[in-house]
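Visitor: So the chains spell out like this:
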Amino acid sequence: MFKNPKLLLSLGLFFIPVVVFAHDVSSGDQEILNNGGLLSYIWVGAKHMVTGYDHLLFLTGVIFFLKSIKDILKFITVFTIGHSIMLIGATFMKIQVNENIIDAIIGLSVLYKGFENLKGFERCFNVKAPNLFLMVLLFGLIHGMGLSTRLQSFDMGTDQVLLKILSFNLGVELGQITALIPIVLLIRLWKKKSSYQAFYKACNIYLIIAGILLFLYQMAGYYNIL
Amino acid sequence: MNKKILLGAVAILLLCSHDMFLKLDNYFLEPEMPAVIELVNGTFENSENTIDRNRMLDVSLVGNGQRTEVDSTQWFEKDLSTYLDFTTGKSGTWIAGVSTAPRNIAMEAERFNNYLDHDGVVDMLQYRKDNNELDQDAVEKYSKHVKTIFQVGNDRSEDWKTVLGYPIEFVPLENPYEIHAGHDLEVRLLLRGKPLKNQLVLIGNKEDHQHAENGTHSHNGGEEHSHDENEGEEHSHDDLKEVRTDENGIVKFNLDSSGVWFLKTIHMEKSTIEGLTHESNWATLTFQVGSGDHSHDNASHSHDTAEHDHHDHEEGGIPSYVFWIGSFVLVGILFFLFNRKK
Numbered sequence: 001m002f003k004n005p006k007l008l009l010s011l012g013l014f015f016i017p018v019v020v021f022a023h024d025v026s027s028g029d030q031e032i033l034n035n036g037g038l039l040s041y042i043w044v045g046a047k048h049m050v051t052g053y054d055h056l057l058f059l060t061g062v063i064f065f066l067k068s069i070k071d072i073l074k075f076i077t078v079f080t081i082g083h084s085i086m087l088i089g090a091t092f093m094k095i096q097v098n099e100n101i102i103d104a105i106i107g108l109s110v111l112y113k114g115f116e117n118l119k120g121f122e123r124c125f126n127v128k129a130p131n132l133f134l135m136v137l138l139f140g141l142i143h144g145m146g147l148s149t150r151l152q153s154f155d156m157g158t159d160q161v162l163l164k165i166l167s168f169n170l171g172v173e174l175g176q177i178t179a180l181i182p183i184v185l186l187i188r189l190w191k192k193k194s195s196y197q198a199f200y201k202a203c204n205i206y207l208i209i210a211g212i213l214l215f216l217y218q219m220a221g222y223y224n225i226l
Numbered sequence: 001m002n003k004k005i006l007l008g009a010v011a012i013l014l015l016c017s018h019d020m021f022l023k024l025d026n027y028f029l030e031p032e033m034p035a036v037i038e039l040v041n042g043t044f045e046n047s048e049n050t051i052d053r054n055r056m057l058d059v060s061l062v063g064n065g066q067r068t069e070v071d072s073t074q075w076f077e078k079d080l081s082t083y084l085d086f087t088t089g090k091s092g093t094w095i096a097g098v099s100t101a102p103r104n105i106a107m108e109a110e111r112f113n114n115y116l117d118h119d120g121v122v123d124m125l126q127y128r129k130d131n132n133e134l135d136q137d138a139v140e141k142y143s144k145h146v147k148t149i150f151q152v153g154n155d156r157s158e159d160w161k162t163v164l165g166y167p168i169e170f171v172p173l174e175n176p177y178e179i180h181a182g183h184d185l186e187v188r189l190l191l192r193g194k195p196l197k198n199q200l201v202l203i204g205n206k207e208d209h210q211h212a213e214n215g216t217h218s219h220n221g222g223e224e225h226s227h228d229e230n231e232g233e234e235h236s237h238d239d240l241k242e243v244r245t246d247e248n249g250i251v252k253f254n255l256d257s258s259g260v261w262f263l264k265t266i267h268m269e270k271s272t273i274e275g276l277t278h279e280s281n282w283a284t285l286t287f288q289v290g291s292g293d294h295s296h297d298n299a300s301h302s303h304d305t306a307e308h309d310h311h312d313h314e315e316g317g318i319p320s321y322v323f324w325i326g327s328f329v330l331v332g333i334l335f336f337l338f339n340r341k342k
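Protein chains in written order, with full-length UniProt numbering: chain P, 1 to 226; chain D, 1 to 342.
In short, the hints are calculated from the structure, not lab data. Incorrect hints may appear among the rest.
As the list claims (entries may be wrong) - Once the Cα atoms are required to be at most 27 angstroms apart in a straight line, the calculated DSSO-like pairs of lysine-lysine come out as:
#, chain 1, residue 1, chain 2, residue 2
1, D, K194, D, K252
2, P, K119, P, K70
3, D, K341, P, K94
4, D, K341, P, K119
5, D, K241, D, K206
6, D, K270, P, K94
7, P, K201, D, K341
Stated by the list, open to error - In silico negatives: residues of chain P with every beta carbon more than 10 angstroms from chain D:
#, residue
8, I177
9, R188
10, K201
11, C203
12, I205
13, I209
To be verified - Every beta carbon over 12 angstroms from chain D, so not counted as near; a handful from chain P, in silico:
#, residue
14, I32
15, L56
16, L57
17, I63
18, K67
19, K74
20, I81
21, I85
22, G89
23, K128
24, L132
25, S194
26, L207
Think of the CB as a built atom: it goes at the ideal place given N, C-alpha and C, for glycine as much as any other residue.
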């Protein structure tokens, strides 16, 4: 039935660890943060990134678009700089935004990337897509605001606040690297297969659908519909 | 004069409502995981001072059929709260309890009357009115006995009904984690081990602000009346349900919304001990009712943090595993379709 059953299997194997270890950042983490010192902030930050599907979906979209490892590293770095600036700055300055709204915008960033990868701007609007470098930086800042909002939902106490924020940020980066390695490997391996175009199209249409659903879900939460 | 100032200051502190509660950030915990219980002394929302270890006559954790005395070194202080560090055990419905040693407090008559009114000790206030004692100063011996019930893992156990043997304590007749919002809950109030009848109990819910609509409630004998805004200046319990225990010492009330629920009562009696005029025993109980707007009971379907949590506003979101499984299926279907078209 499938021309590349091995690839499908590898896709399954790729997702299984994420499913098994999926672990939302919960109030149980508050206990961990209360007791574990700075290391616990690294752990919770990493956990949030590994299980924070919206961040990973956006990055997956970015990776799909890029051809060389050098480009991937460059854009991931830009995204990291963007979210780190906002995460550290907003948390330290106690800037807060509505969690549903920021997560809804992050959902739109996922939709955007899938749309752009499928050449939606050219096909639908007959215009060139905005500069990816700037867009990744912009979305990095927005994702950073989402991370900051989540971090600020925890009681961080009054001592070592900056170190705690930096530790959380370090955890986010470690989690990001951990999650991205298998994603990059999978995409690059699949690129050599004849079914890559189908995989590319399927994943990017999925990103559009997921982005819309994430947006609607968060807006429903904002208006207390759910 | 100095004595009056001192009495006034003490009374003002008392009027800040020094209720004691055991609280958790999340009443649904994972087995064998570190957890923290907060001991607040003040209002339900804010602690106003910490509690010294030597005031704690008993600190107990009850789970898996065993009662464990908690070591005093497991407590720590942060800001104005006292916290208990512990590691949860196996899955089950657990209890934590703290009983404090009695202390004495002296109050001039007016302050004492205000405190009785403010904290819902209306029977003693009525007694003073009926017996022309409103102008009498008081020396009260008081002690506080607090419990919380929380759920560890998914399995229910019978520990929630354990009587800790405190001078006064609430004991539910049903596991709060087996019911959801909309159901009634019955809780028995024991004074020195025996059911305490006709005792006023104040009941609050962290997320419920609707039951005080019209400001109507009843004090004695169920006769309804309302407090207007100005009149309610000294009433801290306007937002609380006021229920009296029946002949069997049971209060029955409707859990009309999800969230954290608390019960509190102050039983006061005249004292015959020399140097004292009154003796009071304070009891509180806290627990959480999961959101009842989906499935039969939130408490009965997985409380692994991997699946969902109960802080909807703070941590809401699609459970990761649902998202990833759904995503995998969707990508698989799309891939299958596009690969066939090729």
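Visitor: Given the hint that K270/D pairs with K94/P, test it: the Cα-Cα distance must not exceed 27 angstroms.
Guide: violated, 52 angstroms
Visitor: Does the no-contact call for K201/P survive, Cβ to all of chain D over 10 angstroms?
Guide: violated, 5 angstroms
Visitor: C203/P clear of chain D by more than 10 angstroms, beta carbon to beta carbon?
Guide: Non-interface label on C203/P violated, nearest chain D Cβ at 6 angstroms vs cutoff 10 angstroms.
Visitor: Checking one constraint from the list: CA of K119/P to CA of K70/P, max 27 angstroms. Satisfied?
Guide: Holds: K119/P and K70/P sit about 22 angstroms apart, inside 27 angstroms.
Visitor: Can we trust that I85/P is non-interface, i.e. its beta-carbon lies farther than 12 angstroms from all of chain D?
Guide: Nearest chain D Cβ is 24 angstroms from I85/P, so the label holds.
Visitor: Is K128/P truly not at the interface, in the sense that its beta carbon sits beyond 12 angstroms from all beta carbons of chain D?
Guide: Nearest chain D Cβ is 26 angstroms from K128/P, so the label holds.
Visitor: For L56/P, which was marked as not at the interface, is the minimum beta-carbon distance to chain D over 12 angstroms?
Guide: Its Cβ does come within 12 angstroms of chain D, the nearest being 10 angstroms, so this is violated.
Visitor: For G89/P, which was marked as not at the interface, is the minimum beta-carbon distance to chain D over 12 angstroms?
Guide: Since the minimum Cβ distance to chain D is about 22 angstroms, G89/P lies beyond 12 angstroms and the statement holds.
Visitor: With 10 angstroms as the threshold, tell me whether I205/P passes as away from chain D on beta-carbon distances.
Guide: violated, 6 angstroms
Visitor: Going by Cβ atoms, does I81/P stay more than 12 angstroms from chain D at every point?
Guide: holds, 26 angstroms
Visitor: Please verify that the nearest CB of chain D lies beyond 12 angstroms from I63/P's CB.
Guide: At about 15 angstroms from chain D, I63/P clears the 12 angstroms cut-off, so the statement holds.
Visitor: Can we trust that K67/P is non-interface, i.e. its beta-carbon lies farther than 12 angstroms from all of chain D?
Guide: Label holds. Min Cβ-Cβ 21 angstroms, cutoff 12 angstroms.
Violated hints for the displayed structure, listed by number in ascending order: 3, 6, 10, 11, 12, 13, 14, 15, 16, 25, 26.
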